[in-house]
Amino acid sequence: MTNVDVILKEAVQIDGAVAALLVDYQSGMALGQAGDASVMNLDVAAAGNTDVVRAKMRTMESLGLNDTIDDILITLGQAYHLINLPKSHPGLFIYLVLDKSKANLAMARHKLATLSNQIEI
Numbered sequence: 001m002t003n004v005d006v007i008l009k010e011a012v013q014i015d016g017a018v019a020a021l022l023v024d025y026q027s028g029m030a031l032g033q034a035g036d037a038s039v040m041n042l043d044v045a046a047a048g049n050t051d052v053v054r055a056k057m058r059t060m061e062s063l064g065l066n067d068t069i070d071d072i073l074i075t076l077g078q079a080y081h082l083i084n085l086p087k088s089h090p091g092l093f094i095y096l097v098l099d100k101s102k103a104n105l106a107m108a109r110h111k112l113a114t115l116s117n118q119i120e121i
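Residue 1 is where the sequence shown starts when you use full-length UniProt numbering, and the numbers rise one by one after that.
Because the hints were derived from the structure by calculation, they are not lab data.
Once the Cα atoms are required to be at most 30 Å apart in a straight line, the calculated DSSO-like pairs of lysine-lysine come out as:
id: 1; residue 1: 9; residue 2: 56
id: 2; residue 1: 87; residue 2: 102
id: 3; residue 1: 9; residue 2: 102
id: 4; residue 1: 87; residue 2: 56
id: 5; residue 1: 56; residue 2: 102
id: 6; residue 1: 111; residue 2: 100
id: 7; residue 1: 87; residue 2: 111
id: 8; residue 1: 9; residue 2: 111
id: 9; residue 1: 100; residue 2: 56
id: 10; residue 1: 56; residue 2: 111
id: 11; residue 1: 87; residue 2: 100
id: 12; residue 1: 100; residue 2: 9
id: 13; residue 1: 9; residue 2: 87
The model shown is predicted, which means the values in this text are computed figures rather than measured ones.
Kindly produce the complete structure, drawing on both the sequences and the hints.
This is the structure we're talking about:
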């Protein structure tokens, strides 16, 4: 049984959250989404951030780093874009967009990591 919709709805309840997606980074397709789709094209965001995750993984491989990615943070002028890779579901990531003026980044990272561990697919 899947709880993806519940997890994503909880993710957009994080202070400052605008939208959340669960993405398969093999295909670049969003498996679920929640939040305000009027802020950005969420399908384009899923595909674009798939490139970010793939690039980081290639770089780690090229450097010979035997490690895993917990999360990736992209800081924009008005927003944080947080990418979390669930340990229990390789090949997936949660993408969370936060309004920088309303978000507490440390709390958002903590809550997203907790939700990431609860995904059931």
